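Asks: Can you join these two chains into the complex? Each is in its own frame, and there are hints to help.
If you read the sequences in order, they're chains A and B. Residues 1 to 117, numbered by this note's numbering, are exactly what the first sequence covers, in order. Residues 118 to 699, numbered by this note's numbering, are exactly what the second sequence covers, in order.
Hints listed in this document are in silico derivations from the structure and should not be mistaken for laboratory results. Given the structure is predicted, the values throughout are model-derived calculations rather than measurements. Incorrect hints may appear among the rest.
To be verified - Using C-beta positions, here's what the derived DEER-type ranges look like:
no., chain 1, residue 1, chain 2, residue 2, range
1, A, Ser75, B, Leu464, 53 to 63 Å
2, A, Asn13, B, Asp357, 27 to 37 Å
3, B, Leu261, A, Ser84, 47 to 57 Å
4, A, Gln8, B, His204, 56 to 66 Å
5, A, Asn13, B, His204, 57 to 67 Å
6, A, Arg9, B, Thr285, 26 to 36 Å
7, A, Arg9, B, Phe307, 32 to 42 Å
Quick reminder that beta carbons are idealized off the backbone N, C-alpha and C, glycines included.
What follows is each chain in one-letter form.
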Amino acid sequence: MNEFKIAQREASNVNVLELKGYLDAHTAPKLEEAFQTLLKTNRTNIVVNCKDLSYISSAGLGVFMAYIEDVRNKSGDIKLTNMSNKVYNVFDLLGFPLLYEIFKDESEAVKKFNDKK
Amino acid sequence: MATARRTSRSSASSSYESYFEHTALFEFSKVINSSLDPRFIYSHILLTIMGKILSSKGMVIVEKESRHFTVVMAKGFSQDVVGTSMHIRQIPPSIFLVDKVNATKYPWVKFFKRLGVKMLLPMYMADTPIGLLAFGERFSKKKLHSREVTYLRSLANISATAIEKSRTFDELQQVNRKLDRKIQELNTLFDLSKEFGALLDAEKLIRLLEFSLLGQVGVNRYIICLRQGSDVRVAASRVDGPVPQAELLQTLFKLKGTTPVANLSASGVQNARDVLTGLKMALVVPMGLQGENKGLMILGERLSGNPYEEIDYEFLTSLANLAIISLENARLFKEAIEKQRMEDELLIARDIQKGLLPSVLPSIPGFDIAAANISSKQVGGDYYDVIPADNNRHVIAIGDVSGKGTPAALLMASIQASIRALVPLNLSLSELTGRVNDLMCENTGGNKFVTFFWGFVDPVAMTLNYVNAGHNYPYLIHADGSIDRLDKGGMILGVLKTVMPYEEATVKLKHGDLLLLFTDGVSEAMSHDSMEYGEERIEAVLKKHGCEPAQRIIDLLHEDIIQHADGAQQSDDITMMVLKVA
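Bound conformation, chain B alone (with noise of 0.2 Å):
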């Protein structure tokens, strides 16, 4: 009776018990739950069981990686445990005892040991354990109750789920933030490439270059260089210390792919290893275009700290091809319209020379009279003229600016305007150059000079006043075979101004006389090796071909001279004239 009595007062209170303890099971469920933080599930866990238990002390040590457990929590405990891991290979299946343990089979035990761990219960996720909650000494000292280590491994169960919960929304997290991340670095790029392909201007390029570099890859120490043909120069630089050199960087060029800097030695460039390193340079980025290496882009460490990973490589990669190829664009453009602006310079040199030389040469009584100029390429300042005077005389001049195009053909047509002018001064010949010389000196300021050879053509008395202002002597060919070279004059017109008066000379023209007038163009014109067309060769045609008329003698001059270049591009203008006493 008694003992009945006992039984069912004791089953009763089981019954209480039981129910009590599902009411706190779901209890610690429900609050467990409700949140995603796993600060707050692991303190909650361990304050639940430590009061159940009464236990001052308790920790709680997670799966971090595949047998790689770590401590994320503790309480009674000193804190420098937290963060400590271990490998366990083998946890057993349920709530243990530190002391009673197989310490051979399970030998990660000790550390908790000796921390004055008393009692560990596992947490498993289907039949997998996924982490350990680990206790102190009871106050009471007791034992556990059959029913207690019941009731301890549902809430280490409920814990399980609820730390596997929070682990994948963790992870969920991550993947997504790192799917942010690359959604961020797609939008970089877009943003860029529009940009980029907007823009023509090399400096701008590389300074929104370099924003995204600062603000995408959060680097702030860098070098971007870019390599011209075999000129490598640094477009833009943000370190702490002196640039590299050129040929330091040259070495760099042949890399094949995003090096990291302390990779550099394997691929042959220790020297520049170690200068990078000594800048802290962590990160090499080729920029390539159609498989060569245009620029580089050399990356200090990040301002987190995070190391760089393949996955950035990608970007940086993608971010180097996206720039250099707007960078290239952006030269061919700027050479593109040097060489239209270039031509376009040309050919208004062209057509001032040709508007400056007479299109039909005046005829001089008693005298053939022809002249040709062929412009090179670049236009040379070659400038000839004949000037009806008066008395029947005519002027002939010939001269050969300085300096090639516009420039030049500008002057040229400031020194026709002077002698034009000067020609019905009736001065003398000696005094029109000296005037025309300091005018030429005042204009050009010294920089620019002219040789010139002009002179008066008189058909009543037969004769040629000439000077000569430095300019090539001219052949005076008579009939009889003898050649006069018009040489009297003086200095160059534009370099100084006339203190001395510039000599003029007369020669007297005879029936059959032939007069050359003509250009370094002529005596210079280069064959493909570099041979000079020279003085031996006009002689020798003048020679032959003396008694033809004056316009076939410069065709055949002319001819000789393009047989002697073979289709060599000659740098200077071929001028002459040819003057025949009939």
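With the rest of the complex left out, here is chain A (with noise of 0.2 Å):
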């Protein structure tokens, strides 16, 4: 079974949540977790770092529509960086560009945080 992990820090108020490995029905579960845990704690600014994912399905995409909406009605929102081409392909097909931010590199989605306020 292909692992997944996901490590979560926070950078100038911006919660950043690393994801490595596979993503799929399987491991989805786990960012759930870690999505709900943000909410709980309005949490709400969050970067999602994909430097290390090396697999998404449509279920992990799955997991951010199931949160975007509570993410954005708590006036944060769910921003994507540093996708692997592969990765950002699947993201692609599934319209989600258009739904998300989805940018190069953290430090910009982070930027972009601070720069609302």
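Replies: Right, dumping it as structure tokens:
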């Protein structure tokens, strides 16, 4: 079974989730848990760094969809960064660039959050 | 001479121009073929020709569908014209002037005339028109030289090839993208089937199904409902407004195949159509298993705004069927586990009960004694006992614990323990009964009770001293045929602590007397048509066979009950004890 890991850290008031490995139907609940925890504690400025994400399935994308409304209702956002071409392709194929802000680098997304204030 | 010189000079200039034109055509071809971006190609065509003929207005019109042409780029004209489509049946073979064209043959030209277009240059691929180039007035207002016409036709031909190439490439890209999407869909189904197969938890399965709808289909408003028999339940939903009632959802289960909400009235579910339209739902996807709809996925519009197409139905149907199989498996698995658990528990209860009942009854001198317990499938809480006491006396007891299974069996065990502990205390039966009742009340908190009859058989005094705590009255049939029912005592055990002492009674036992203790499993044994066995039949058997040995009487009673029940399954234990005075 391919592993999936989430590392969480804070960078200037923004919560960064670093995803690593395979995000599929099997591992999707882990990401869901991470989003739930952040939402519960009202930490809704979320950057998801996909640098080490090697694969994402539609169930994985579904988790992003499932929480984006709740996050935005709390005037936060989920921004995505550092995607490999392969991962970006899946996002693109399913029309995600219309719904999410996707940045080349984490720092741009963090800056965007901080500029807003 | 002069003429000749002029001719020669003109010929020299002509060959120079020709060289220049060829070079320019070559350059043009090289540039527009260097890109597959249609906007770049259109722009370069316009700028080149506008520069050549010195006009400030140009437009590219391309055939999008058969004979439907669309303005794709305009320079110098209002940008509003971009996107305008028109039907064009026929196009002149070559460059032509708007003012001079046959307006009845080419009615579409008036659209261009209105915009101020002076000249139209058709683009042909082989003999098929693929588009038009339109231009406004030249600054010079001069007519085109025949040489210029040839040059423009060449440009148009090169343009046609480049546009066609980029269009083919675009189509290919779209096909590729569709293919990518299909592969992605297959990956999703594969990913899910792997995970669904390993999951036996319905809640997790539904969650995954939701993720797939959100992620793959790109829909974030939906209702997933499942049907079990006639019971419809909403397993998950994300809607703006109240989730529709089960009765309404029920009507959708007759749908055959994926149906757009807009078409629901044609399927005779107008009411559901109105409610679902109100919730902005767009599509109903049945979740079929072996030709039966076991669930529904009701989906809202996609976030992308793209309408659902036939091609999406395939994926949705596969997803629905995959999910329902797994959900059904999870349900069956849970049922099997539950059934197994219950059976295990009953086995334990039966073991406890069997362990508590005396395997061999002690013999009481001068008495013939026999007993039987036939436990029902669910295992009731029946109990009987014969316990030796002091001075040759014996305690006989029968009881029926409320409830069934392990809890009843355990309570029975605690009663047996307390009476066995209390009997040697040399208290009156009334006091003993009070104590047993108090102990039970403490242990059960008053939510379980026992009907109980017990007594001391004294073979010396030839008496039975008894207390009946709410139990079926035992029969005491005397040798002369008269019958006593042993009804003295008090409240059933376990409900209230003893306030009023239990009444005890003593009856004289004579030669040939017969005592029957029984539980309601005997008197209420059911036949197929729900008729109870009844006390009349008990009495009849006792009267008829009263002179038989105790064990034989038990057997005859049991046979008569079996005959009455005629194979009907009994919900309660059947327990009886016969004591005969020799």
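Asks: Would you mind marking each hint as holding or not holding in the structure?
Replies: Now the hints, each set against the structure:
| no. | hint | result |
| --- | --- | --- |
| 1 | A:Ser75 - B:Leu464: 53 to 63 Å | 59 Å, holds |
| 2 | A:Asn13 - B:Asp357: 27 to 37 Å | 32 Å, holds |
| 3 | B:Leu261 - A:Ser84: 47 to 57 Å | 55 Å, holds |
| 4 | A:Gln8 - B:His204: 56 to 66 Å | 60 Å, holds |
| 5 | A:Asn13 - B:His204: 57 to 67 Å | 59 Å, holds |
| 6 | A:Arg9 - B:Thr285: 26 to 36 Å | 49 Å, violated |
| 7 | A:Arg9 - B:Phe307: 32 to 42 Å | 34 Å, holds |
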